[in-house]
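Chains C and V supply the protein sequences, listed in that same order. 29 is the number that this note's numbering gives to position 29 of the first sequence; each next residue is one higher, with no gaps. 53 is the number that this note's numbering gives to position 53 of the second sequence; each next residue is one higher, with no gaps.
Honestly, the hints are just simulated from the structure, not real lab data. The C-beta atom is built at its ideal place from N, Cα and C for all residues, glycine as well. Any given hint could be a false lead.
Said to hold, decoys possible - Here are the simulated EDC-like cross-link-like pairs (lysine to aspartate or glutamate), alpha carbons at most 20 Å apart as the crow flies:
(1) V/Lys89 / V/Asp27
(2) V/Lys89 / C/Glu38
(3) C/Lys5 / C/Glu38
(4) V/Lys91 / C/Asp128
(5) V/Lys89 / V/Glu66
(6) V/Lys91 / V/Glu42
(7) V/Lys76 / V/Asp64
(8) V/Lys91 / C/Glu97
(9) C/Lys109 / C/Glu47
(10) C/Lys7 / C/Glu62
(11) V/Lys91 / C/Glu38
(12) V/Lys76 / V/Asp45
(13) V/Lys51 / V/Glu66
(14) C/Lys109 / C/Glu97
(15) V/Lys89 / C/Asp67
(16) V/Lys76 / V/Glu42
(17) V/Lys76 / V/Asp34
(18) C/Lys7 / V/Asp45
(19) C/Lys7 / C/Glu97
(20) C/Lys5 / C/Asp67
(21) C/Lys5 / V/Glu25
Unchecked claim - Partial pick of chain V residues on the chain C-facing surface, computed with a CB cut under 7 Å:
(22) Gln12
(23) Leu14
(24) His17
(25) Glu33
(26) Tyr80
(27) Val84
(28) Val87
(29) Gln93
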Amino acid sequence: MDQQKVKFSIVVSGAPYGSQSASTAYQFCASALLAGHEISGVFFYQEGVLNASQLVSPATDEINLPDFWAALAVQYNFPLEVCVSASLRRGIVDPQEAQQLSLEQFNLKTPFVLSGLGQLAELSAACDRLVQF
Amino acid sequence: MILHTVKTSPFQTLALHNCLNLLAEADTLLLIEDAVIASCAEHADYLQLQKISQQGRLMVLSSDLEARGVNNNIGKTCDYHDFVNLVIKHKSQISW
C-alpha cells in the first residue's frame, strides 16, 4: 500500500488559531506528500478561510500556519482554494473583490485563491480520497 | 468501509456518541485532537469503545496523546503516516 501513489483532496474547516483542525490537516498533508502521495488541492471552508489571511501574525516562537500552507503549496505545486462567500463574511478579501465592493484593503495571502463550492466538487471528483478536518 | 475521525472530547460534545451509533462493522474509528481523551478516561461510551478496540477497529493518534500528556488504555496508537494509510485503506472518511 505504501508504494501506491494516491491523490488526496483536503477540506479544512478550522481556523489557524483557536482550533487544532487546520494544524492536523497541515500535518496530514505534509505526511502524505512525504510518503510520495499527491495533494490535488486543499479547500478552505467555514472558519478555515482564516488560514488565507496574510495578516495573521503570531508570536515569533509560534508557528505561522498560513506561511506553512503557502510554502507547502508552492513546494508541491497544488492549489489552495478558499470559499469566497465564507471569506467575504469573515473579512478575507482579494484585490478583485475589494475593488468590486469598494473596500480600501485586501488581505488574501499568495498563493491562496478565492473560489466556490463548485471547485470543491471538482476537487472531490479529481481525487482518490477526500479527507475532511 | 469508512474511516471515522472524531476530534472532540466525549466530555465536551456528543460527536463520539453519535459516531458510535452509526459505526458499521467494517468501519474503523480514529481518535484525534481532544477525542484522544476518550481512550484513557472513563465516560458514558467507554464500554462500547472498549468493544471496538477489542475488535481491532480503534486507533488513537499518538502525537495528540503526547501533547496532552496522557496514555491510551484502549485502542492502537498510530502516527500521521499510519493516518494517511488508514485513509487509503478505507473507501471514504467522515470527520465528526
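inquiry  = Flag every earlier hint the structure violates by its number, smallest first.
reply    = Hints 5, 6, 8, 10, 13, 15, 18, 19, 20, 21, 22, 23, 24 not satisfied by this model.
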